[in-house]
Amino acid sequence: LAKTTQPISMDSYEGQEVNITCSHNNIATNDYITWYQQFPSQGPRFIIQGYKTKVTNEVASLFIPADRKSSTLSLPRVSLSDTAVYYCLVGYRDDKIIFGKGTRLHILP
Amino acid sequence: EAGVAQSPRYKIIEKRQSVAFWCNPISGHATLYWYQQILGQGPKLLIQFQNNGVVDDSQLPKDRFSAERLKGVDSTLKIQPAKLEDSAVYLCASSLAARNTGELFFGEGSRLTVL
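Chains as they are written, first to last, in the working numbering: chain X, 12 to 120; chain P, 3 to 117.
Please keep in mind that the hints were generated in silico from the structure rather than gathered at the bench. You may find that some hints are simply not true.
[Unchecked claim] Here are the simulated lysine-lysine pairs, PhoX-like style, with alpha carbons at most 20 Å apart:
no. : chain 1 : residue 1 : chain 2 : residue 2
1   : X       : K112      : X       : K65
2   : P       : K80       : P       : K46
3   : P       : K17       : X       : K107
4   : P       : K85       : X       : K112
5   : P       : K80       : P       : K64
6   : P       : K85       : P       : K17
7   : X       : K107      : X       : K14
8   : P       : K73       : P       : K17
9   : X       : K14       : X       : K80
10  : X       : K107      : P       : K64
11  : P       : K64       : X       : K14
12  : P       : K46       : P       : K85
So here's chain X without its partners, still in its complex pose:
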């Protein structure tokens, strides 16, 4: 299983774009990159997933370089409600989905 490394915490201000980078040097050919968001007292929630290049949905964008050894979650114009823990995961299908420690994002007014 590919291990992921991401910053422990980040602070930003409302209205800013936030980029959280995750490194996964040992990613396997079949692995997808998935990001989850977790608010206090809730289970994690899937926000975006990609295999290569760029993926965008209504919540975020995911940038994956050609070597796939890292990925960047981009949250446009964050608000206070985006304060949460963000987890980067790599894996194939639903086999042994392993969470790391995540990045605690704190949005300031």
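Based on these hints, arrange chain P on the given structure of chain X.
Same frame as chain X, now just chain P:
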């Protein structure tokens, strides 16, 4: 569609007592997971079921934890006897195994406090 249901939401017990948590996954989801999340840490996989068979239980403390998924739908996670370090949120998740990308859907969790 209905999400993953878990109960109870909160449970307080004394050490050496037993406790059971229940999970009802999203209809049609073949894969079911139990995670343990200690305060300040990421979720830790305890056990993964595919239908009613165990795929992985390498992180399950089998001397005190047990889990079953009868008929490939609902699941229960039991702790007996509980220790102080079992205080955590127990999260149940399910996924549609047929998909290649394995998106997990989580319940709200069951918060256990062991005194």
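Hint by hint, here is what the structure shows:
For the hint linking X/K112 to X/K65, the alpha-carbon distance of about 24 Å lies beyond 20 Å, and the restraint is violated. As the CA atoms of P/K80 and P/K46 are separated by approximately 16 Å, the hinted pair is consistent with the 20 Å bound. As the CA atoms of P/K17 and X/K107 are separated by approximately 30 Å, the hinted pair breaks the 20 Å bound. For the hint linking P/K85 to X/K112, the alpha-carbon distance of about 23 Å lies beyond 20 Å, and the restraint is violated.
Restraint check: the Cα-Cα separation between P/K80 and P/K64 comes to about 10 Å, which is no more than 20 Å; the hinted pair holds. With a C-alpha separation of about 5 Å, the suggested pair P/K85 and P/K17 falls inside the 20 Å cut-off, and the hint holds. Of the supplied pair hints, the one linking X/K107 and X/K14 holds, its CA atoms being roughly 12 Å apart against a limit of 20 Å. Note on P/K73 and P/K17: the hinted pairing is violated, with a Cα-Cα distance of about 31 Å set against a maximum of 20 Å.
For the proposed pair X/K14 and X/K80, the alpha carbon gap of about 11 Å is at most 20 Å, so the pair holds. Between the alpha carbons of X/K107 and P/K64 the distance comes to roughly 18 Å, so the proposed pair stays at or under 20 Å and holds. Proposed proximity of P/K64 and X/K14 is contradicted: the alpha carbons are some 26 Å apart, above 20 Å. With a C-alpha separation of about 17 Å, the suggested pair P/K46 and P/K85 falls inside the 20 Å cut-off, and the hint holds.
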